[in-house]
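Q: Here is how the chains run, residue by residue.
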Amino acid sequence: MRLALNVFQWLLLILAAPLAHGIIAQAKARLQRRRGASIWRPYADIAKLFRKEDLVPPSASWVFRVTPLVLFGAMASAAAFVPVVQGSALLASRGDFFLFVYLLALGRFFLSLGAMDGGCAFGGMGASREALISSLAEAPLLLGLVAVAILASHADIAGMVGWTLQQNFFKISAVHILAFLSLGMAVLAETGRMPVDNPTTHLELTMIHEGMVLEYSGPSLALVEWASAIKLHAMLALLIALFAPWGMAPHVSAAPLLVALLVYFVKVGALMALLAVIESSVAKLRMYLVPGFIGVASAMSALAVIFATLVKR
Amino acid sequence: MGLVEIAAGKVLSSFSAFLFLTILLLAVARRISTCVLLFSLQSAIIAAEVFAVGFQERLAEAYVVGALVFLIKVVAIPYAFFRLMERLKTVREVKAATTPTQSAFIAVAMIFLSYAAVHSYGQSVHVPADALAAAVALILTGAFLMVSCRKALMQMLGLLVMENGIFLAALVTTFGMPLVIEIGVFFDVLMGLLLMGIFAFRIRDTFEHLDVSRLRRLRG
Amino acid sequence: MQLESGELPLSFLLLMLGAAVPMVLVGSRAKGARLLAAGMLIAACLAGSFVAALGFWRTSSVLMDFTGFTPFPFTLEIDRLSALFLLLICVVAVPVAVFAVPYFEHHCPERRRNWMWIFFSWFLLSMIVVVTASTGFAFLAGWELMTLLSAGLILIEGDSAERRHNVFIYLLMMHVGAAMVVASFFLFLPYSHGLDFASIRAGSAVLPPAIRTLIFLLAFVGFGTKAGIIPLHLWLPRAHPIAPSPVSAIMSGIMLKTAVYGFVRFAFDFLAGGPSWSGYPILVAGAVSGLLGVLYAIGEHDLKRLLAYHSVENIGIIYLGLGTSLIFLACHAPLWAALALVAALLHTFNHGLFKSLLFLGSGAISHATHTVDLEELGGLQRRMPVTGLTFLIACCSIVGLPLFNGFVSEWLTFRSFLAGAALMGTKAQVVLPLMVGVLALIGGLAAACFIKVFGVAFLGRPRSTEAEHAIEAPLAMRGGMTFLAAACLLIGILPGVLLKPLVALAQGLVPGAGVPPETLAITRVLPWIAVAVIGIAGAAALAAALGRVRRIVPAWGCGLPTLTSRMQYTSTAFSKPIRFVFSAVYRPDRKIVRLPADQPYFPVSISYSSVRTTSYEKSLYRPFANLFVAAANQLRRLQTGNIQVYLLYIFLTLISLLIFLRFRG
Amino acid sequence: MILLLPLVIALLAPALILTLRDPRAATRAAMFAGGLEAVSLFAIVWQVHTHGALEAGRYFRADGLSSIFLFNIAFISSLVLVYASGYLSHTGEGRFSSPRWFYALVFLFLFTMISVCLSADLGLMWIMMEGTTLASALLVGFYNTKGAVEAGWKYLVVCTVGIAFALFGTIVLYLAAFKAGMNPAAALDWVSLMDAVSRKGFDPHLLKLAFVFVMVGYGTKIGLVPMHSWLPDAHAEAPTPISALLSAVLLNCAVYALLRYVAIVSRGVGPAFPHTLLLIFGLASMMAAGLLILVQRNLKRLMAYSSIEHMGIIAVGLGLGSPLALFGALLHIFNHSVVKSLLFFSAGNVRQNFDTLRMESISGMAQTLPQTSAALVIGCVAIAGLPPFSLFVSEFAILSAAFSEGHYLVAGIFLAVLSIVLGGLAHHLFHLLGGEPKRLPARAKLSPSEYTVMGIAALCLLFFGARIPYLFDALLNQAAAVLR
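Chains as they are written, first to last, in the working numbering: chain A, 1 to 313; chain B, 1001 to 1220; chain C, 2001 to 2665; chain D, 3001 to 3484.
Here chain A stands alone, though its shape is the one from the complex (with noise of 0.2 Å):
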């Protein structure tokens, strides 16, 4: 039953990521006013792509080739690490976040690697920028998390989120504000969101992850995108079973699942909502200001261990 229930939550966040790329895409055009495509146009799309033929450059070796591949394999096993309606998922209590943040590393190791076998000059340079960024915000990334596990004594994700539970929501630290603060800009910067990168340019000097995809096609292309759609709502799950588990489901029983579920929506919906909102009203940043950027969500992480130590003594 446990089991069946972890499958849930692991194809739930592989098969609703493309729906919260449409669903923010949504939010961001009312904010701006407009009208906005659907919300399951993303499915649509990657339908479609489905269908295309899979151009290749004639340079590129198997790798090219192999790099959707790979990248949507480490995207969706690490989405089995997060806990969505309950406190625990499928590989959530033998992994810990270590591990799933270095399956995101694998995934990006290997996209990096296939801009580059495009043989194109985009290609380097969104995996040069791409290489800039990550290495850095791996940093405030693993930081963040540290701080977590270090105030909840445990390393594997369902530890954590057991004993955020277990906490009330108004005796929340400090450590909890800065760890989210800077997990958050980190997710920033690792799913290539604004201010440090921007999902939805064409412009080619501006772009970073757009830049890498370029010359993806077909059904490679589809894979790549709903990768990296698995990756941000993975991303968004994590933060919100980090920081408001509440409302999980205790138990395994139909009425609290349902109920977590039905919170979880909402949780997830007011984070993207967050999301569409910083996108809207922020410029991306410069690209020498990004590490800037990176610079104080690294010093609010390690703040947070810091704070966290202390609190623990």
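Simulated from the structure, these hints should not be mistaken for laboratory data.
This structure is a prediction, so every number in the text was calculated from the model and none was measured.
Warning: the hint list may mix true and false statements.
As the list claims (entries may be wrong) - No more than 25 Å apart at the CA atoms, straight line, and that leaves these computed lysine-lysine pairs for DSS-like: (1) C/2576 - A/284; (2) A/312 - C/2427; (3) A/312 - A/171; (4) D/3146 - B/1089; (5) C/2591 - C/2618; (6) D/3200 - D/3179; (7) D/3200 - B/1095.
With the hints as your guide, set chains B, C and D onto chain A.
A: Here is chains B, C and D on its own, set in the frame of chain A:
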């Protein structure tokens, strides 16, 4: 025994006055030939001293040694020096690095120093202080000559003066070393002088001077 | 020589290593003789792996005693720690030797090939002596020989002023380091009966604290010089690139590890943790080496220099683990000390595997293209598929991606940092968790660097005609690389193979330690992750491949007719953003020259150069060396050539001695 | 009576050789005499080993300590004579500088050195020590060039002055014995002195005074800083076989002479005083020579400074005084002799091939003179104290003694100097061996005689690095027993 010792000391100390005089003169002498003569005189004094010791201590060996000193140091070596100077046809000046006045003061200082040294080290050795001081002063003078004079011949002479001092020290402290050893030492001194003579010729032949302070090709 | 039961394999190994030599000497110019020598060497290494495996998994202690023969006690003994390193040496040496057979034939001048093999086998033997020695004499003899023979191998390879200078720096630094190692051994002497390890262990119990501290610091700096921690790394990026690739592989993959072995032997086995603060300098050295090492690596475009800097980085990671372990030891937390030690030792082993694989890959590249300059490479994946795949596996391993072996050790290191948070009320409680950030930064930058390396060298279009006409390496080379790559994957997915005996080893070195649960956790979870990632990727492949057409079309060229290789990002361009952000580390001296100068907007050529100006040699070592040379010149001046002055020296010596005697004697 | 055999041979040989005008006949005669000499010396060593100390009259005696030096003399002089036979084949006839004069003087030189080691009387020892200077001065000036004459003069004068102080020291010791009531005839015999010095209560003040003078005197001959000034000149300007003899035998003989005094004085006033002086001079020599090696420009001067450094090491070993240190120091004496001969032989080949020893005008030797280069590399590795060569063993022994005695400062300086020296040697060696050859050698291959001696020296270094033969070990222990 004590009486004999005191008597020997008196005899020996009276000689040491003459030795100090030769030291002073050696320091201020400007010509090599003068120095050689002074060395000869000095050796004669020492030879006399050897005989005195031999007489007082009734040591037959001492007479042999005295005769050797006389023959080698008073006669043979000065003669060889004069021959050498003739053959080398070199400038006769000493060419010291110090002026005569300075040298004189240094010589006086060295005599004082040797008295001080004998005073400090010679306490336990019950020998006449004057004679031992003279020996030490001779060693110091020899060293001074070798350091201050630029002529190869003067370095040889300085070495001989040092050797005189060591010999005298042995004489006044222990009435001389065993005869075989003394003869061996004399032989070494002679051979050393011979070799230095050979080298003096070679220096003159290859460098066309005898100024050892200008032998500075090899350094560092 | 005393023979005991059970050491037959070891004697076999030693004999084989020695026996390779006369074969080559006698065999003159014939290739067969060299093949025979290589074969014997490989057989010896296989036998050695067997002995080591027995020692490592079963702890069958093996002893060889030459004491009756040699002037000082010379015994070899394999305990678990030795067995681990012996295993590393033999396991890495086999594929490297296989790789070296065609490599030496192609790259060494005819008359030097035999010497190459002779030195190569002696070099391996010296390292085996180092890790199995159980007396100070044997250890130090092996230690010095190791340096000497590796320098010989570098010098045989070729001759140029730069090479000589680099070998000079290598030799000198190694000697100074060895002097400290010598001192740290001998400092035990007044308190132990001899220099055999058992007496040293016994003697260390009665060491006064000051001597204990001194030994620890000397061992730290002495072994650190060999390991290449910053700022003692000066020789490392100089010596590795100029060695033949198989030798670089051994030097970087194994030789550096002997320093780790020595340090672990001293800090854990002999000193049982050293002074209470001992972990912190190690931790700082590890962090500094890791960060700066990877940053310097990113700035390089000579592949072998880049890899050499990555050795610095990885040694940094190993030292982070060792430092953490020492901190835990000082805080009386044996379980976590064991965890951190396991992490460090596993990373040592892993680094041996993937770094030698990387250097072999660079050898295959230079074999195919005659260059290791990244700017001249590109598109090799299509031309050298096996080299490319194995190199990619090595890249993933060194970056620490899950499913590859580097991840396991880095993960264990992360977890030991995290465990530090539970050390209530100590400095470590704050410091260790923060190290997570440092290691994360190191890992992120390493990933950036290897995206650059693999992307520029193997992917995209070739940047030179040599790269365009590259052909795959010969079978032996491919075989060697494949073996190592398989080992990386095996440990990456099933780390339990090594972890179990490693935990036992750590328990031996850290008294009172249990089995760290983390080691069990990672063993359990990784196969699942592998199944998940590969399964999902496979499913996605099926889904994407169903009835779809794949068509090869030129990439869009912004309207230009074709894309050329000059339009690709170069290695320098790729690393530009990171170098820009960390310009404080590089202090680059950038120059842009536009020609002709009077037409800035219509240049015929633009050349850009960016040189790192931070130089340890200039700012740290030069002044030191100059000091000695200045002192020597002063002394030289005292030797004036004037005999009167010489005599004066003698007189003054005598007089000062007399004065000394008068007043003090 | 066997004791007198090598002395007689060494005295008769020059007379025989000087009568032979044909250089080849002279060479053959010298080889023959050298062979006899070596055999007779080995016979003495064997006799001492099996029967204990030998005596011949009042003036000659050999015990364990002398036998190890005699062994050294026999081994090195054989190597040198064989090497010289090839080296001198091109030397013409001149006043005191023809092959027959060369061999005659070499045998005289050997005579004096063997006598030093066989003397039972400190006075005789002094005479023979001075004799070594006299016998070798002409050999140092053998080439009669400006440099050779200058070096010869400096050698003669500086050593004679130094030795004069040793005579003074001997006299002071004699005085002490005399005052303590010893029979004057026996008062210079080292056995009776060693016996009497602890029993009869010599004046400690006089003993110390004597030792200071002897230390400075024989220290000059050993080449300890700051009395070393003659050494680089003489070694660099002498013909190569003589450089080897000076460095590998003469310096050791001076060490032997000093050791006799150390043994006596240690019994009289305790070992602390002589050992302190040895340590001070040893360290000064190591440091100064180690630094000076860095800035040398002449290959043989470089090696001369290395000799000074190694004499410093030996002095430090003797100054530490523990059994292990003595073992190391005595072993180091032999090891250093072998390696230094090897190095000087290689330097001789360099000189014969390029007609210069200035290191800046030589390069690319690895290509042009591969065999000599190999010898040079082996020699430099060995002399830097690296395994697998024997100097590693002896330095290991001295260092471990320094540490176990708690002389941390000494040990620290020792280690630092070793690194400095390695740096200097590697720097010079790379320059000589690497790069493009500046000129072509006269003859690239070694002659069989050169090949043989250099091979023997190298193998000896290697062998002693792995194992000290039983006989040699026994000799070392006998020698060390004398000093304790």
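Q: Do the alpha carbons of residue 312 of chain A and residue 2427 of chain C lie within 25 Å of each other, as the hint requires?
A: With a Cα-Cα distance of about 13 Å, the restraint between residue 312 of chain A and residue 2427 of chain C holds, given a limit of 25 Å.
Q: Given the proposed pairing of residue 2576 of chain C with residue 284 of chain A, does the C-alpha separation stay at or below 25 Å?
A: 21 Å, holds
Q: With a cut-off of 25 Å on the C-alpha distance, tell me whether residue 3146 of chain D and residue 1089 of chain B pass.
A: Holds, at roughly 20 Å.
Q: Given the proposed pairing of residue 2591 of chain C with residue 2618 of chain C, does the C-alpha separation stay at or below 25 Å?
A: Within the cut-off at roughly 21 Å; holds.
Q: With a cut-off of 25 Å on the C-alpha distance, tell me whether residue 312 of chain A and residue 171 of chain A pass.
A: 15 Å, holds
Q: Between residue 3200 of chain D and residue 3179 of chain D, does the CA-CA distance stay at or below 25 Å?
A: Within the cut-off at roughly 10 Å; holds.
Q: For the pair supplied as a hint, residue 3200 of chain D and residue 1095 of chain B, confirm whether the alpha-carbon distance does not exceed 25 Å.
A: 51 Å, violated
Checked against the numbered hints given earlier, the structure breaks only hint 7 and satisfies all the rest.
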